[in-house]
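K.L.:
Sequences and hints are given; from them, build the entire structure.
Sequential numbering from 13 applies to the sequence shown in the numbering used here.
No lab work stands behind these hints: they were computed from the structure. One should not assume that every hint holds.
Cross-link-like lysine to aspartate or glutamate pairs, in silico, EDC-like; alpha carbons within 20 Å at most [stated by the list, open to error]:
1. 154 to 125
2. 154 to 232
3. 154 to 102
4. 154 to 200
5. 154 to 129
6. 154 to 94
7. 154 to 178
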Amino acid sequence: MICEQCPRRCGAVRTPAVPGGGCAMPELPVVARAALHFWEEPPISGSRGAGTVFFSGCSLRCVFCQNSAISQEGLGRPVTVERLREIFWELIRQGAHNIDLVTPTHFTHAVLEALEEPLPVPVVWNTGGYETVENLRRLEGKVQIYLPDLKYMDPARAARYSAAPDYPETARAAVREMVRQTGPCQFDGEGLLRRGVIIRHLLLPGGLNDARAVMDWVAEEFAPGEVYFSLMSQYVPLGRAADFPEIHRRLRPSEIRSAEEYMAALGLEGFVQDPDSASGDYVPDFDLTGV
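P.N.:
Structure (structure tokens):
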């Protein structure tokens, strides 16, 4: 296949077995873990967990990625489309509230084939936010919940930390399309999200101004309650963060407090992450469980 699924539109020729393109992945999906996951937002994880499938490879190159072993180092096992669908059903039989697809963009073609027959639980598109509107439109009717990052509003920071200076404008357009598809958030009687968009922002060291800009945009763009916002403070200097001294540290309590106060002042509905989550212990074991 000639791949143009992500905003890099690299046109790489990806074959079933040979990696290629900005994601450095073959045509067949590569999966590093498939298991019940309890560390998503409460309406995603619920009491039984999200049925989370961690795909390998990524179109972004975030220097601080906590999942760099799979996103940038290629750890994972290739699976067929048939096996991918079996994995979905195995997770459902384990009690998963939903099927939570983590970094699936570069395998959109395979995911769509695996979802040809609808599942009895919502499908979550858990993404870094670096998506094209065209690719997202292919998902309409197949994905019920979008869980995008909105990492940056500053192109310079997006270029420095994720090699994607076009990230701010691209991610904003992607989030608008996601909300167009799902409409306002809808919850069931147990408080689980059945349809809608939760926008995530990971607070970075020294990134308070950019975090405020992200929250300003969300508050201005969407009506109260139309989307939910998740302010994440789990940052740990992993990956190649040591090469960037300004982010090679933990978040300061004052940074977390200021971001939380700003979110509250804007009246954004959503979630504030417990600072105790800033630990390498919360990085999943990418040991091919469930693959």
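K.L.:
Next, verify each hint and record whether it holds.
P.N.:
Evaluation of the provided hints:
no. : hint       : verdict
1   : 154 to 125 : holds, 10 Å
2   : 154 to 232 : violated, 28 Å
3   : 154 to 102 : holds, 19 Å
4   : 154 to 200 : holds, 19 Å
5   : 154 to 129 : holds, 9 Å
6   : 154 to 94  : holds, 17 Å
7   : 154 to 178 : violated, 27 Å
Of the numbered hints stated above, those contradicted by the structure are hints 2, 7, listed in ascending order.
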